[in-house]
Amino acid sequence: MNIYLLKDGQPIGPFTSAELQEKIYSGEVLRNAMACVEGSSNWVSLETLLTPAAGAATAPPPPVIPFDTNRLRDPHERTALVWLYLASLPVWIGIILVVGFSYGIFLIYFLLYWLFVAFGQAWFAAHLKTNSIRVSATQLPEVYAIVKNSCQRLGMAEPEVYVIQHNVWNSFATRIFKQRMVVLFSGAVDSILLKGDKQQLAWLVGHELGHHWAGHLDKKQKLAKLGGWLIWVYLWHSRRAELTCDRVGLYCAGSLSASQLALMNATVGAQLASQVNVAEAAAQWTRHSGEFFVKYRTLYATHPHLLARLNHLNSAAKELGLGQ
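For the sequence shown, our numbering gives the first residue as 2, with consecutive numbering after it.
These are calculated hints, taken from the structure and not from any lab test.
Please note that the accuracy of each hint is not assured.
Stated by the list, open to error - Below, a list of computed lysine-lysine pairs in the DSS-like style, where the Cα atoms sit at most 30 Å apart:
| no. | residue 1 | residue 2 |
| --- | --- | --- |
| 1 | Lys130 | Lys221 |
| 2 | Lys24 | Lys196 |
| 3 | Lys296 | Lys179 |
| 4 | Lys179 | Lys223 |
| 5 | Lys149 | Lys196 |
| 6 | Lys226 | Lys179 |
| 7 | Lys130 | Lys223 |
Produce the entire structure from the sequences given, and follow the hints as far as they go.
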């Protein structure tokens with residue numbers, strides 16, 4: 002299928018779907034750019050035409066329906082958060098009583114604790130700013146294009162994004178004072194780009210952006226973490242939050258297969274990820290998920306098992322209508 006784009010009021014092209022996907026992830030073209038299938042006069046959002054449901058050029062494309070990003074949140078995350086808040090109530094009551102009976106002297110300990118945390122955050126920020134590279138339009142622009150495009154899709158402000166040398170397959174989101182940050186380890190980025198593509202990297206970036214988008218690092222949810230004494234509730238919420246971020250990553254990547262390949266990259270490495278039979282890997286999880294020690298280990302895990310996350314991506318893609 003060949004597609005024309007509208008630029009400065011004039012059609013340009015035609016381009017193939019593959020060419021347009023590349024232009025999107027390089028930042029050259031926005032997903033909501035006006036586009037038209039060759040042979041048609043119906044101009045619609047480019048994102049609409051690039052979905053599998055767009056059909057052939059002989060059929061008019063479906064109307065543009067804005068995607069409700071609230072659907073990206075894992076259906077059970079809010080329930081887990083409510084239980085975490087409930088678990089935090091005894092702690093808050095205890096704090097209030099201690100502060101009251103100590104005539105406020107106990108507040109000094111809170112102040113000292115806050116100063117200790119603030120010092121640690123400032124120390125880490127200093128390390129990050131001087132030992133990693135901050136992504137921007139002129140610094141690692143291809144990575145920045147993914148960040149920018151993902152933030153536009155999620156309707157959120159861009160956080161500071163850094164790439165740092167660390168040979169571990171990992172990345173994380175953090176908030177230092179009021180500044181939101183995402184840190185990508187070179188071990189994950191290199192592994193994905195060695196055999197993968199920008200859509201797979203978009204899943205990794207989108208996952209970490211998801212923590213900011215979903216408010217996991219905001220003060221309201223930090224208050225709930227006082228319920229962490231009930232460890233099983235705390236870990237339950239942590240796992241559901243990670244699944245929310247996987248769904249956000251899926252949305253930002255715009256591809257189920259790319260999201261699954263990125264996850265398999267974290268599972269078996271760059272060289273073998275593309276050779277994994279994803280359906281069989283998902284069936285492997287189904288086969289073992291009911292075993293006692295698998296369930297027991299899950300209770301004490303901050304993240305869902307990798308194969309469970311793979312299986313969840315399958316169901317999330319169907320639920321959200323994101324296709325392949």
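Hint check results:
no.	hint	result
1	Lys130 x Lys221	holds (27 Å)
2	Lys24 x Lys196	holds (19 Å)
3	Lys296 x Lys179	violated (38 Å)
4	Lys179 x Lys223	holds (14 Å)
5	Lys149 x Lys196	holds (23 Å)
6	Lys226 x Lys179	holds (19 Å)
7	Lys130 x Lys223	holds (25 Å)
In this structure, the one hint that does not hold is number 3.
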